[in-house]
Amino acid sequence: MEVSGIRKRILRLPVEIVFEDPELARMCNTAAARQSAFGEDASNSLLRRLLQIEAADRLADLRHLAAAHLRPGTGTDRLTRLISLGSHGDLIVRPRDDPPAVLDDGSLDEHLVRALVVTAVQFS
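Numbering (our numbering), first residue to last: 1 to 124.
Heads up, a few of these hints could be off.
Said to hold, decoys possible - If you anchor each label on the Cβ, the simulated ranges turn out as follows: (1) 103 / 64: 15 to 25 Å; (2) 74 / 41: 18 to 28 Å; (3) 105 / 30: 31 to 41 Å; (4) 51 / 122: 18 to 28 Å; (5) 33 / 103: 29 to 39 Å.
Think of the hints as simulated: they come from the structure by calculation, not from any bench.
On a predicted model such as this, the values are computed, not experimentally measured, just so you know.
C-beta atoms are modelled at their ideal positions from N, C-alpha and C, and glycine is treated no differently.
I would like the entire structure built from these sequences, with the hints used as guidance.
Put into structure tokens, the structure is as follows:
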């Protein structure tokens with residue numbers, strides 16, 4: 001029997017978010033530090049996106065959020081992903097698992113990614 005409804009929501013494991021360094025974690029997780037570092041508008045966008053990531057079951061679920069605009073990072077790194085913060089910039093993430101789940105062509109299998117490392121917040 002398939003689990004559905006509220007039981008499914010209770011039993012699912014959301015995407016886990018970790019940060020590459022303690023300072024980045026402090027700036028992203030503390031309201032005062034976030035607003036001081038990024039300004040009020042960008043701070044609100046960052047918090048909203050982090051909560052949306054945390055609510056997802058896997059990285060691929062962010063593809064259903066048009067505002068997240070999940071896309072591959074620049075350059076030759078096939079594992080890094082950019083998650084939009086609207087007009088403010090991007091959240092740069094990579095899978096936490098080592099080795100990460102990859103497809104036959106070597107690209108990241110976003111359906112199997114359940115833990116992310118936030119490596120930077122890039123502002124435009």
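For each hint, the structure was consulted:
The supplied range of 15 to 25 Å is met by residue 103 and residue 64, whose beta-carbon atoms lie about 20 Å from each other. At about 24 Å, the CB distance of residue 74 to residue 41 agrees with the hint of 18 to 28 Å. At about 40 Å, the CB distance of residue 105 to residue 30 agrees with the hint of 31 to 41 Å. The given range of 18 to 28 Å is respected by residue 51 and residue 122, whose C-beta atoms sit roughly 19 Å from each other.
Separation of residue 33 from residue 103 is about 37 Å and conforms to the stated range, judged on CB atoms against 29 to 39 Å.
Checked against the numbered hints above, the structure violates none of them.
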